[in-house]
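Take a look at the letters that make up each chain.
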Amino acid sequence: MNNYETLYVLKPTLTDEETASNIAKIEEILVREGAEILATNRMGMRKLAYPVEKNERGVYTIVYFKAPGTIVNELERNLKFNEEVIKYLTVRYTKVKEVIQFEKLIAAVIKREESVKTEAPAPAVAVAVATETTEA
Amino acid sequence: MAERRKFKKRYCKYCESKVDYIDYKDLNLLKISLSERFKIMPRRLTGNCKRHQELVTVAIKRARQTALIPYIVDRKNVVENPFELIR
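Going down the list, the protein sequences come from chains P and D.
Going left to right, the first sequence walks through residues 1 to 136 as my numbering numbers them.
Going left to right, the second sequence walks through residues 1001 to 1087 as my numbering numbers them.
These aren't lab readings, by the way, just hints derived from the structure by calculation.
Incorrect hints may appear among the rest.
Said to hold, decoys possible - Quick partial rundown of chain P residues pointing at chain D, CB under 7 Å, derived from the structure:
1. Lys87
2. Leu89
3. Glu98
Stated by the list, open to error - Simulated pairs of lysine-lysine, DSS-like, Cα-Cα distance not exceeding 30 Å:
4. Lys1061/D <-> Lys1050/D
5. Lys97/P <-> Lys1050/D
6. Lys97/P <-> Lys1018/D
It should be emphasised that the depicted structure is a prediction, and the values quoted were computed from it without experimental measurement.
Where is the CB? At the ideal position from N, CA and C, for every residue including glycine.
So here's chain D without its partners, still in its complex pose (with noise of 0.2 Å):
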């Protein structure tokens, strides 16, 4: 239970810039709520506010499928600057 917090509970990086919308091609705003795998980072480690996290959800989602951002990042299949291929 030492290690049970990674990170510290945030705010809403998506309501402190006062974004209304996350597009599935704006790379730099999906960034902050992917892990360096990839993956769909939870609430509460990213501190996102639920309607946010339900936007950028939608939006990592149509991201995979058009071959923006890969879906896993394992030691088959390496990235090797995983935040240099986004713009």
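Chain P on its own, in the form it takes in the complex (with noise of 0.2 Å):
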């Protein structure tokens, strides 16, 4: 069992229910290899640093779970024949200094997640769309 972290960037021009379906398929097939999700964060929409199939922005989320090495190909196989997903990006944590990395942000996710539940949503809202004033 390793520790890895996926991150993918899914197309901007899906309406907030299929990013929520897609984002649930590629959970459940983690789930169906036997991967034991830690934690994702959903990151939202970014603006991406360069255009990749022609789009200028992205939703990102990343996923971190446990699983034994042979998930990384089938879920891998899965991201490329989606088409909703443009960019994708797997990464193992193994050596101990990165472990401890690796439980940090997974803490660090949950962390925010809690805040977000027991607080109103709305600043977190405010502040991207300030940013995304100031980009253009």
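Two chains, two frames, a set of hints: combine them into the complex.
Rendered as structure tokens:
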């Protein structure tokens, strides 16, 4: 069992439901293959540094999971064939320092999710809108 | 030879802040080692230690693959506020 982190970018043209269903589909693949999903970080819409398949923006999602190594092939095969996914990257965390960092990342994601649940999600949205206007 | 060294030789900023692992999504850490055209700065200019330079090199290359930072910035491919797109 290894620690993995997969980042994938979905097309910006999808509606919220389509995005959610795509994320669910990818998590379903992981669960089916016997992975243990530790955390999911939805970074949301971001500007891409360079156009990818003529898209200027993308919806970033990161999945942290624990799984045997054979799963990566199957996951990346599915991501490759999914037309809504424009970028993906899987990173393995094995060395001691890397694993410590991995656990820190997961803790940060879980903590933020909890804070979002308890507080109103309005401030985060306001910040996102503000940054977008400064970019444009 | 007059302007041989544009930057003063400095200490390693990652050692100073005791970074153990450089995450490719943490763009504020990568920013230290990027030039304004998003090239990887050499160690002789940034003063990074060898261990952290190796870590940051891998992290920058991963960030480029995931479109978090651009591969190149040139006249055809202008970024208005280079470091604005960093969170």
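Hints and how they fare:
1. Residue-level restraint check for Lys87/P holds (minimum Cβ-Cβ distance to chain D is 6 Å; threshold 7 Å).
2. Satisfaction of the interface hint for Leu89/P is found here, the shortest Cβ-Cβ separation to chain D being roughly 5 Å, below the 7 Å cut-off.
3. Because the smallest distance between the Cβ of Glu98/P and any Cβ of chain D comes to about 6 Å, under 7 Å, the interface hint for this residue holds.
4. About 17 Å separates the Cα atoms of Lys1061/D and Lys1050/D, which keeps this hinted pair within 30 Å; it holds.
5. As the CA atoms of Lys97/P and Lys1050/D are separated by approximately 17 Å, the hinted pair is consistent with the 30 Å bound.
6. Note on Lys97/P and Lys1018/D: the hinted pairing holds, with a Cα-Cα distance of about 12 Å set against a maximum of 30 Å.
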